[in-house]
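2 protein chains.
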Amino acid sequence: MAFALKTDGTPTYALTFNGKAVIKTSTLGLEFKNDEKSLLNDFTIAKAETATHDSNWEPVWGEVKTIRNHYNELAVTLLQKGTDRTLIIRFRMFDEGLGLRYEFPSQKNLIYFVIKEERTQFAMAGDHTAFWLAGDYDSQEYDYTTSRLSEIRNLMQGSITDNASQTPFSPTGVQTALMMKTEDGLYINIHEAALINYSCMHLNLDDTNMVFQSWLTPDAEGDKGYMQAPGTSPWRTVMVSDDAREILANKMTYNLNEPNKIEDTSWIKPVKYMGVWWEMITGKSSWSYTNDLPSIQIGITDYSTAKPNGTHGATTANVKKYIDFASQHGFDGVLVEGWNIGWEDWFGHHKDYVFDFLTPYPDFDLPGLRDYAKSKGLKLIMHHETSGSTRNYERHLDKAFQFMKDNNYDAVKTGYVGNILPKGYYHYDQWTVNHYQYVVEKAAEYKIMVNAHEAVRPTGIARTYPNMIGNESARGTEFQAFGGSKPNHVTILPFTRQIGGPMDYTPGIFEMDISKANPSNSSHVNSTLANQLALYVTMYSPLQMAADFPENYSRFMDAFQFIKDVALDWDESKYLEAEPGQYITVARKEKGKSTWFLGNVNGETPRISNVSFDFLEQGKTYIATIYADAKEAHYKTNPQAYSIRKVVVTNKSKLQQWSASGYDQYRGSR
Amino acid sequence: MAFALKTDGTPTYALTFNGKAVIKTSTLGLEFKNDEKSLLNDFTIAKAETATHDSNWEPVWGEVKTIRNHYNELAVTLLQKGTDRTLIIRFRMFDEGLGLRYEFPSQKNLIYFVIKEERTQFAMAGDHTAFWLAGDYDSQEYDYTTSRLSEIRNLMQGSITDNASQTPFSPTGVQTALMMKTEDGLYINIHEAALINYSCMHLNLDDTNMVFQSWLTPDAEGDKGYMQAPGTSPWRTVMVSDDAREILANKMTYNLNEPNKIEDTSWIKPVKYMGVWWEMITGKSSWSYTNDLPSIQIGITDYSTAKPNGTHGATTANVKKYIDFASQHGFDGVLVEGWNIGWEDWFGHHKDYVFDFLTPYPDFDLPGLRDYAKSKGLKLIMHHETSGSTRNYERHLDKAFQFMKDNNYDAVKTGYVGNILPKGYYHYDQWTVNHYQYVVEKAAEYKIMVNAHEAVRPTGIARTYPNMIGNESARGTEFQAFGGSKPNHVTILPFTRQIGGPMDYTPGIFEMDISKANPSNSSHVNSTLANQLALYVTMYSPLQMAADFPENYSRFMDAFQFIKDVALDWDESKYLEAEPGQYITVARKEKGKSTWFLGNVNGETPRISNVSFDFLEQGKTYIATIYADAKEAHYKTNPQAYSIRKVVVTNKSKLQQWSASGYDQYRGSR
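Each protein sequence line maps, in turn, to chains A and B. For what it's worth, the working numbering labels the leading residue of the first sequence as 6, then goes sequentially. For what it's worth, the working numbering labels the leading residue of the second sequence as 6, then goes sequentially.
The shape of chain A in the complex, shown without the other chains:
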């Protein structure tokens, strides 16, 4: 990495990898509102300090037992002529890539300032292939488009599909983490780390020069950040390697976050769960209790006389069915959505007081189910859909969390479906980013784990607040019931969305024909059953759902055995094969055990995976249980064709395993 000032005093940096250009000379700076000079140019270098850091830390949960944080640091202190302002640009150079951020030290001439735009450039060295999502202030739930950078503009409109809340902003604007591949074999990933009280960054492409520039999410007045010195921007990260597997193994994002701030983490535990959820997603049942009441006023509307609609999913009897099945098969929790009043008109009205997070529907016996779950050795998982009404959620947060603790819940799935309240604000602006963080920190006070859906994409904050055990923040499995996702979606997510933290992808769908759950839903899950199993290994998360119905698992109990067996927490992770959009093969060793799990996912093209078991302990013999696509399997036409076989393997073994459009999966245990 090279830092330099241009002749006009504009800071620049450039990045190479083994002699190949990764980031060509790119300018750095911030443009302020109503401030001509801003922090753009006229700088001189007051000081340039270097340092080296090398340490190891153990995450509370993770893909590996120990993470090494090893970098060389360059902190350039810049002095601006005329304004006498000081700006520090801090670079951290890892073997795996570069992190840089702006630091605003305490000073007389720069205390409060308003960011009009951050002007961090990432000048690409060519017309790379990118795996991109349309830049959007409110949605990350699109399918990825794979194209050359120069093609983004023409493909933009087609990349944007309907969403409950969406605000695209530019014909060449894309989201981070942005994964790219160059013609000369480099893999480049641009994202951010430690997004705290700052606006979420997008990238806008100058597609004449192939230069990305940061594009922050604005607030209701179009401003992009209210700042106070001393303070910093988040880190901007550029991962680079000539081996795609190293992008997946990269731990820069966590390393650029602050260490764990939660002293007692004994209550933070990986969770395998089932839930009353897929039946509402498919349209088989409803979140709402009644069709009698088109207008609900929390605390006023009387549900006691309303006629049940007969489709409500979160009934006591139905939840018991899930508890029975989940406890029988060793799950930790059961999520129940639609348990609380308000779902009859929860969406699309900018409704302020939309839920109270406290009051169950008449047919949901919360104390009874709480005790029943306890007697069966598992816990209910709370659901707090906010409908984007962030003030209302904050007003109820303490009581809602206390209510959880009083009723033996220790994990909550939050949701932000629809437009944000206050109106004019976006899912990814500074104001709302501040809200998500507030919820995570407040939850930590109550010893509650958070799995936030529709929240801003994660940026490694789970290092600092490991109670943030999951996030959606991308197109999850639910879209398979909303018309489907691309078959190669899961070969991209680990290179993009999961760079910032685990995803609650909710895999485990065994019945791909959604019309069997709901005759009026013709969606098809674009995956083989075996591919669904592989996701528990390839899509790392300490929170894993078995999302399908108990009755669907009952039809394939031999395959379901894998979901029962698969671990949630790991000592080691070995990325064996990886190519974004095409395939990922990963082997992971269960935490504190000698059992290995290995997963492979493909895109649309069938493929033979070549696996060497040389990661196994020398001299030991393992039995590998191989859950694979059957010969005749195909994600569209024959997704449930799988085979299960057991073979003996050692660290000398090799395996060639064919997988259909979709998948391959193995389990080995000594």
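Just to be clear, a hint being listed does not mean it is correct.
Since the list gives no way to pick one copy over another, a pair counts as held whenever it fits inside one copy or between any two copies.
Keeping only pairs whose Cα atoms sit at most 25 Å apart, straight-line, the calculated DMTMM-like set for lysine to aspartate or glutamate is [as the list claims (entries may be wrong)]:
id : residue 1 : residue 2
1  : Lys410    : Glu582
2  : Lys121    : Asp576
3  : Lys404    : Asp361
4  : Lys598    : Glu582
5  : Lys447    : Asp307
6  : Lys289    : Asp576
7  : Lys381    : Asp307
8  : Lys452    : Asp403
9  : Lys38     : Asp167
10 : Lys70     : Asp89
11 : Lys410    : Asp248
12 : Lys113    : Asp307
13 : Lys289    : Glu556
14 : Lys659    : Glu63
15 : Lys428    : Asp357
16 : Lys113    : Asp297
17 : Lys256    : Glu226
18 : Lys266    : Asp361
19 : Lys113    : Asp357
20 : Lys121    : Asp357
21 : Lys42     : Glu108
22 : Lys113    : Glu36
23 : Lys657    : Asp368
24 : Lys521    : Glu584
25 : Lys410    : Glu450
Keep in mind that the hints were calculated from the coordinates and are not lab data. Being a predicted model, the structure only gives us computed values, none of them experimental.
Based on these hints, arrange chain B on the given structure of chain A.
Chain B alone, transformed into the frame defined by chain A:
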């Protein structure tokens, strides 16, 4: 009052008083966003129901012991052709004026709707004289302008003076309560009642036709109300009389609010208080503790090593001085502003986390002062300046209120100086109106009394939540130290601002030359000392401050005796003389006692007040202590010239009392 539909089905109303037109035929309706039909026309009358109501209720505190709520009601149910929507317009006709509101009953074709503008007209019958403030989304703190309606446009610009937050919106937009006087001797007042979860109403004048139309405060996106049926608008009120005194005695605003919702009101008590406040307002001392720290981060900034600035007002020693003086003279409380960390940079930066409402400055010994105050028989009054950062306040509200209860505080002065956060929102929009109400209701849960400054103007909600014992919401005494207010200001406020509820006007300034407190402040308090005394009677409030310094009171202990003696709560109030902008004379009988207090304020013109004591009990003899302007008194040149004399009066007595540009004041006790 006459209701009619125009030929196109637009609802209209008209109002006369003893044959004189008050409101000429005026249209009613609401314009929706993206809804051509809205609720504007094409109505037919489905039903017209009349009713009569007559009841009495006792306020928790007030000007009178019992309030009669007596009206005839007309509820017109309108059906809209084409949309099949139902709208009810409810009219309540009091002897004292008219209340009307829109009601949106539960129905299939109107559930959620967005108000683009409320279109309630008030067509004036002439070019009346008005006592008006510039319409503004953020400030009510202007001096009143008295002019013909036709002159508003030309006088608008001059009526707008600098404020910490201000957003005027129209050259003919004015605020309510709007007081008017007609050429044929009518007094007309337009305001609103029960402003709950709705946007505050202004009036915009068509000055060709002299027709006012409602103009609601918009949100960040320009929308003026997010509504859900069933629901209602606030009441729109038109008070009318041929006697200005009856406007002051009018209780319609309270009567149109819901009855008290607080069951146990034993903790709600009138409060007479002093405070560490005027010294900061004048610039004699500071809210802030240090000048070392231009940038404060709550929870991070270390105050322990900062050098005190030597001007901090809320020091333990200074507060003790106030406690000593206040307790010696029988006060109930001492307000302390600037007690909590954050004041070094609290204003003007859209700072989110500006205060925590919990952490005292190092030189403010909160537990010690709490105990000291208790030992002296009074309580400290809490101060929560929010700097307009409403989310931050809500986040801290529970803890801040619990902290108050833990430390023997039972009243809080809240403040909203500066622009509202979230940015793009206004002091008087629906979002922020909802916030003020949230605070009042939350305070009631904690048995805390609220005195909100810079909040939306009150609309009688104190009937429903009598813990709302005060509001500023107008230009208070502080402006006398910011350059001064017009001498007739206090002869208008009771006709305007106080229509909706009591004002924390903070009277009692004895030293009018502000430069004596702060040599660099050349402001002059435009009032005589005797006028300041009168305000305790003419400006009704259950919360009254003696705002000046103890040392200034010590110089005039004979006059200060009146402040010590004056009651805060009343069984009867008799408006003896009144003319907006010129004079007000009122006699009030102390609650549960036979003592009367009588106050008179004048505008700039000296005047002789003619008082008949016929309200006194027949056959009884009273001693009247008369605090009056001395002959040579003048608000500018000789404000401290007063006389005190005692005379015997009975219910046959009459008094001619001259007052200077300012004042006259009496006290009678049997």
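Each hint, compared with the structure:
no., hint, in the structure
1, Lys410 <-> Glu582, "neither (43 Å within a copy, 63 Å between copies)"
2, Lys121 <-> Asp576, "neither (44 Å within a copy, 59 Å between copies)"
3, Lys404 <-> Asp361, "both (9 Å within a copy, 20 Å between copies)"
4, Lys598 <-> Glu582, "within (24 Å within a copy, 91 Å between copies)"
5, Lys447 <-> Asp307, "between (31 Å within a copy, 24 Å between copies)"
6, Lys289 <-> Asp576, "neither (40 Å within a copy, 65 Å between copies)"
7, Lys381 <-> Asp307, "neither (33 Å within a copy, 51 Å between copies)"
8, Lys452 <-> Asp403, "both (12 Å within a copy, 19 Å between copies)"
9, Lys38 <-> Asp167, "between (33 Å within a copy, 23 Å between copies)"
10, Lys70 <-> Asp89, "neither (47 Å within a copy, 66 Å between copies)"
11, Lys410 <-> Asp248, "neither (46 Å within a copy, 62 Å between copies)"
12, Lys113 <-> Asp307, "between (59 Å within a copy, 18 Å between copies)"
13, Lys289 <-> Glu556, "within (14 Å within a copy, 77 Å between copies)"
14, Lys659 <-> Glu63, "neither (32 Å within a copy, 90 Å between copies)"
15, Lys428 <-> Asp357, "both (10 Å within a copy, 18 Å between copies)"
16, Lys113 <-> Asp297, "between (62 Å within a copy, 11 Å between copies)"
17, Lys256 <-> Glu226, "neither (36 Å within a copy, 41 Å between copies)"
18, Lys266 <-> Asp361, "between (29 Å within a copy, 21 Å between copies)"
19, Lys113 <-> Asp357, "between (41 Å within a copy, 21 Å between copies)"
20, Lys121 <-> Asp357, "between (29 Å within a copy, 18 Å between copies)"
21, Lys42 <-> Glu108, "within (17 Å within a copy, 54 Å between copies)"
22, Lys113 <-> Glu36, "within (19 Å within a copy, 50 Å between copies)"
23, Lys657 <-> Asp368, "neither (58 Å within a copy, 74 Å between copies)"
24, Lys521 <-> Glu584, "neither (34 Å within a copy, 79 Å between copies)"
25, Lys410 <-> Glu450, "both (11 Å within a copy, 22 Å between copies)"
The structure does not agree with the numbered hints 1, 2, 6, 7, 10, 11, 14, 17, 23 and 24 stated previously, though it agrees with the rest.
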